[in-house]
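S.K.: Protein chains in written order, with our numbering: chain W, 47 to 384; chain R, 723 to 1029; chain Y, 3 to 330; chain E, 26 to 524.
Since the hints were made in silico from the structure, they are not lab data. Please read all numbers here as calculations on a predicted model, not as lab measurements. Incorrect hints may have been included.
[To be verified] 25 Å max Cα-Cα, derived DSS-like pairs, lysine-lysine:
id, chain 1, residue 1, chain 2, residue 2
1, E, Lys410, E, Lys221
2, W, Lys221, W, Lys235
3, W, Lys285, R, Lys862
4, R, Lys862, W, Lys76
Residues per chain, in single letters:
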Amino acid sequence: STRPTESAAVPTAASTATASGPVELREGSKVKVALVPGGAHPYFQPWKEAARQSAADFHLGGVVFNETAEWDQAKQNNLLDSLAAQGYNAFGVFGVSPTDINTTFGDLKSKGFAVASLASCPAGDTNEADFCLSTDVEVAAYKAAKAAIDAMGGKGVLVHLTGNNVDANTQRRIKGVDKAVEETSGAVKLLPVVADVDKDLQTAQKAVADLLAARGKEIGGIVSTAYNPAVAAAAGVKKAGLPIKVVAIDDDPEILRAIREGSAYATIAQNPRGQAYVGSWALALLQSQQCTMRQPGVVIDSGSFLVTKENVDGYDTERRKTSEQIKQRFAAELLSCR
Amino acid sequence: MLIAICVAGYLSLVVASGGAFASGNAVQTFFQFLPVPVLIGLAQMIALSVGQLNLAVGALGGFLACAMGVLMADLGVPAPAAIVIGLALGAAVGALTGALVVFTRINGFIVTLATMTILIGAQYRLVGTRTVSDYSPGLKEFGQASVLNIPLVFLLALGVAALVAMFFRAAAPGRRMLASGSNPLAATLSGVSNDRSVILAHTLSGLVVAITAVVTVAVSPGVNRSIGGDWLLPSFAAPIIGGAVLTGGTAVVLGTVLAAFIVRLVDSARAEFSLQPSWVNFVVGAVVLGTVVLTRARETRRSGGSS
Amino acid sequence: MSTRKPLFGLLGLIVVLVVVFGTLSPAFFDERLVLFPLLRDIAIYTVVGLAQMVVLSIGHMNLAVGRMAAFSAMFMGLSYDRLHLPLYAGLCIGLLAGAAIGAFTGWIIARTGVNSFVVTLAMDFALLGLIPVVYTALTANAAFTVKPDGMRELRQYSLGDVCLGNVCGSPAVPQMMLLAVAPMLALGYLYHGTRPGRELLLTGSNPLAAELSGIPTRRRVVTAHLLSGLLAGLAGFMLAVATGSFRATIGEEFLLPSFLGAILGGTAMAGGVVSVIGTFLGTSLTLVIRRGLELVGIGLEYLNVYLGVILLLALSADRFLQRRGVKS
Amino acid sequence: MIVADQLVKVFPGVRALDGASLRLEAGSVHALLGENGAGKSTLIKILTGVQRPDQGRLLIGGEAVTLRSPTEAAQAGIGAVHQERNLIPAFSVAENIALQRLPIRRGLVDRAHMRAEARRILGLLDVDLDPDVRVDRLSVAQRQLVEIAKALYGESRVLLLDEPTASVSPAEAELLFTVVRKLADSGAGVLFVSHKLEEVFAICDTVTVLRDGRTVLDAEPIADHARDDLIDLMVGRSREALSFPPRPPATQPAVLELDRISTAAGHREVSLSVRPGEIVGLYGLVGSGRSELAKALLGLEPIESGSVRVRGKNVVIKDVRQALAKHRIGYVTENRKEEGLFLDQPVSRNIAVTVWGRIAGALGHVSPAREGELVSMWVDRLGIKLASSRQLAGQLSGGNQQKVSLAKWLAAETEILIIDEPTVGIDVRTKGAFHELIWGLAADGMAILLITSDLAEMITLADRVLVMRDFRIRGELDNDHHYDRTSQAVIRLIHSKEI
Ligand SMILES: Nc1ncnc2c1ncn2[C@@H]1O[C@H](COP(=O)(O)OP(=O)(O)OP(=O)(O)O)[C@@H](O)[C@H]1O
Ligand SMILES: Nc1ncnc2c1ncn2[C@@H]1O[C@H](COP(=O)(O)OP(=O)(O)OP(=O)(O)O)[C@@H](O)[C@H]1O
Ligand SMILES: [Mg+2]
Ligand SMILES: [Mg+2]
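Isolated chain W, as found in the complex:
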């Protein structure tokens, strides 16, 4: 199992004892929240359910989930404007381009909307959104690599498969994996990262097969921090019959299945449902002027969870608990309410 690291903020730290008590949203009917991922991706699917649920639970004027941004920052900007024109006034956004999204947030804020950066924070040190509620992708990648290294017995050859090389988030993931490998001080050797293999399943599959054909015998573990390579790696390793430990990211049904049947060793599940659910709630508080952020732009970790065969059926309980704790933490430390 993995030990929490110093950089992974433990979300449960000080959330139970609150001075002001629980915060209740008083009037949410004027708030219309738009949850806008970067494009269609399995990761965001829990947002849909969370949108429905938060609309019902908090009596919001509406919560919409719109994934038509198609991984293009310009399209996403347009989409946000269109949603604003349709009357949406609070936005939970996964920015396509982490280096550009602050500009988008700035524009939205200047038009008087509440904005949350969900599932990813802007690149750099500033966050122009009201808050950022996300997994720290670097930490998630670090945890995944750590898990793989542990499964390999602390030594051997590790490969990192990932997506778009020139995406800031990819760079963070690479850093996370590199860090975990560095900590083994040479016991684990990392092959050059295989990037740009998330475009489609076949590219991923081909890359994995070529990799296994060329280096299969020496490789001890594979960390995939992107979806398609994870699916491909699990299938490829299973087919080749090699004793390679695959650690994936996220908890798409396909990956959970691989863990159950043993073709993948573990995955790092994140907390998309919590991001959307708690995010919508906080956005409603902000947009209805009931609360303000004590520290605008604050970054909150939504948690990441190691899922192996042992806890594959139970990890969601833990995750839901975490979400609840995040909500309490908002009430206790992050918001200042009337």
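Given chain W, put chains R, Y and E with the ligands in place with the hints provided.
M.R.: Structure of chains R, Y and E with the ligands alone, referenced to chain W:
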């Protein structure tokens, strides 16, 4: 010339890998991923033969792969029936595309771009963001099966290539398609219906895409909306490097197959030498350009003008 | 065969669609949230379409439009980040880089006689290799995030901020539109009024006859690709300004729209026929459809399906009416 | 057997046919005459189902029919050689001949049968061509013969020939006539379009004349009409007599000299010179290498040895632009469709392309007024028939396209002009006007190298005739413009064994 490059490239990979690349497993992996580029190249080549473009190869392939996956996994349709439906659907979409081009006289580029958009939408409708993988083990076995380390799917692709070559060489409709592509006016005056050629070309192109989709369903761990997303450019690159002309009138089956082979060589080299992806792109760029310049240099100066 | 007619058809289509979408969703006429960004997009993608149009005019293609934009934007980013140059000085440097890479591509094509499709595809791959190397070496997040003075204004200001006395322009029209109008005017003049422009068209129409008529066809090939690189660079600049940073992924989405805008507008794939206004209208048509669907609230399940279907229906109707018009 | 009744065909801006009628009888060879743009090709296209008439009827064997496609026409027994070459370059001769109805055996094309059939038809024409050779390897003349063979394929009862002899040598034309006669004698009806009136009188029985899309002479026996009558009917008014005022002998030093040129194309030791004010004819059988010599001179084919002198200076010409801009040399190609014209461009641009360099101002600005003036001047001078100068070149009739191709180089105002087969497909009147024009250009001091396979034309115009065979100059004679004497001398030179 292309053959020489293929052989030289393959041999140098074998040598560079200390012989490992000639091992059964490596050979199998190499050929396992060749059928898709070969087939999409052929599908595009068929469209190019009459001077049309088919921008929808990837979208149609992805849509059909997902449709077959869903039919088998969700609706419990047996694999052979799903394949037949897939093939029929591919040909039908192709025929419809061709008919649209002919009857509306809208540029084939625009029509296939529109069908591409529609099919991408349809593919998403079918599977959303999930990966469908729970289908016919028999089909998946077929996808992995091989004789003497040569995967069956590759032999299938070669078979299709041979049929396409035969079609263009010796079948009357194939000859008529080439006539239409080469000189539509002359073809008309010889009683060849260009309209029919265009519809036939799109239909066949759709059919070959459908075969590609079957292969994809067979060899992939599953199908999802990303299938087909990366087919467009390779589908053009293979026939054009192979010598096809965008304005029509050419059918270069062997060239298309060999060009796909060369691109696959670069892929394998990437894994063999753990190259950075950026270097691979460099290499692909250089190899593509080098191949074509060499081929070109060999051609007599006298034939034809520029581009 | 006059070229006027299809353009009126396109314009009519756009008007009809705007009316339909406006009726379905009155928010369509929201100046600040809909029209302004829509026009900004149209400006950017018109330039993208023009970048393709200039090579189509000689019967070539540029599959590296997007990557040339990224290449050019990289130089702009570099000059802001490292040299701290003002906005327009950096723009000029980037445009020079774009023109240079375009001219180089054209030179290879002219020298080797290899199909432009293949050369630009190879160039695309080469740049795809080069650009990330530079970005990862020089930046932390694969993007130059410095924002030179004037960048924010260029993104946000409209003609509403330009006043002559009491008369101000429309706040719906972004100032960035001027960056598209300038090359439109220049290209329109080039193709209609000057010798090099016409020579480009004739080179596209029949390269052999052009050579035999004393047109320096090789030089024209270089010219066309140079212009393409230059315009791609401009489009890259506009996109970077509109979204916020000069990054490696600029232009990734340019390829298909570049062809779509130009060809919808009546530019021939085979060369010899171009339409600058057509490129503008073709680009507008596709963006209006997309924006309209977005506003009507179509989800991803149907968005692309509708997009394709409307495009086909609209064009078919246009053709149908045109043919009726010819008959009567 | 086939009757066209009051056909009307309207194109944007032109009434190509305006009440044209034609009666073609079985067993006769019927001439269809008319000026360039009179509507001959349009009529033939309607008879072969390529185009549909806007008004009027077609009757075959007394019954009204509608021909919707060339296939339907072929089924009705109509075969045609169209004016523009229409072959598939990458296909073999045999396949081109059989394309109309490919023989099929077991689902595949029966190549053996196709080859045999092609060989049979080529044999009929006495043409020695390998049926397996690709058409793009053939010379212009050989392609024309293939087209004729193609029209004969499938036992047509009606054969429509649109200028079938425009670019074949007299000997080959002779063979064609024999076949045509044979076909007519066996009961076929042949329609023959040509601007070469000698041919028409030699083989035709009846004649129809079109003027401006209207039939002005309807199927009368040709024997009833004199040559000049027919020309008057075509032209519609009395012709002005041609005037060839005497030209002073060229005395100035040569402006263009080739000295023992050898080329990659195969020329050996070719020497010639042209003086200002002189027309030098270059005669030879088709394929003797004349056009290629011209192209080598313009830098399009490598010159391997020997020297080219322009105005006394040794020069190396890289391309046509240099030839035009620096040396003031122009070249009118024989292959207008592929090398001469921009078919999808307006006529104005086709003509003005060579003058932009001269009239362009700062930044390459071309004044539309200046350009329009020049264009309309040349359209008038050559009598190019068009709806407007913005009409696309590809929409002009064959002869008018040829005029545009020539106009381009006349407009260029060069000092040295190489003209390759200038009057192919041009009607009699315009041909006369052309000749006058070329004569006049020489009289004004231009140096002209004239390549033509039309011996009469050569003898009318040239001052000296060089005869080329197998890429070598075989001899030179002074021309006294006396047809019989000079033609015999030329033919003797061509067939002389060795020099
Ligand atoms: N597709 C077309 N579009 C517009 N005008 C056309 C078209 N085809 C022919 N024309 C016009 O119709 C008229 C008749 O042309 P046609 O080709 O029948 O002449 P022709 O008698 O064959 O002449 P020639 O002796 O030069 O071949 C010409 O004025 C020509 O410009
Ligand atoms: N049977 C053939 N096979 C291949 N090429 C041929 C053949 N006949 C002729 N050619 C080509 O034609 C060239 C000679 O044609 P060219 O046009 O120079 O001759 P020409 O004397 O001008 O005759 P023309 O009257 O046809 O113009 C040859 O060099 C050759 O390239
Ligand atoms: Mg004619
Ligand atoms: Mg010649």
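S.K.: Confirm or reject each hint.
M.R.: We went through each hint and held it up to the structure:
Between the alpha carbons of lysine 410/E and lysine 221/E the distance comes to roughly 20 Å, so the proposed pair stays at or under 25 Å and holds. Of the pairs offered as hints, the one joining lysine 221/W and lysine 235/W holds, with about 15 Å between alpha carbons and a cut-off of 25 Å not exceeded. As the CA atoms of lysine 285/W and lysine 862/R are separated by approximately 11 Å, the hinted pair is consistent with the 25 Å bound. The straight-line distance between the Cα atoms of lysine 862/R and lysine 76/W is roughly 53 Å, outside the 25 Å bound, and the hint therefore fails.
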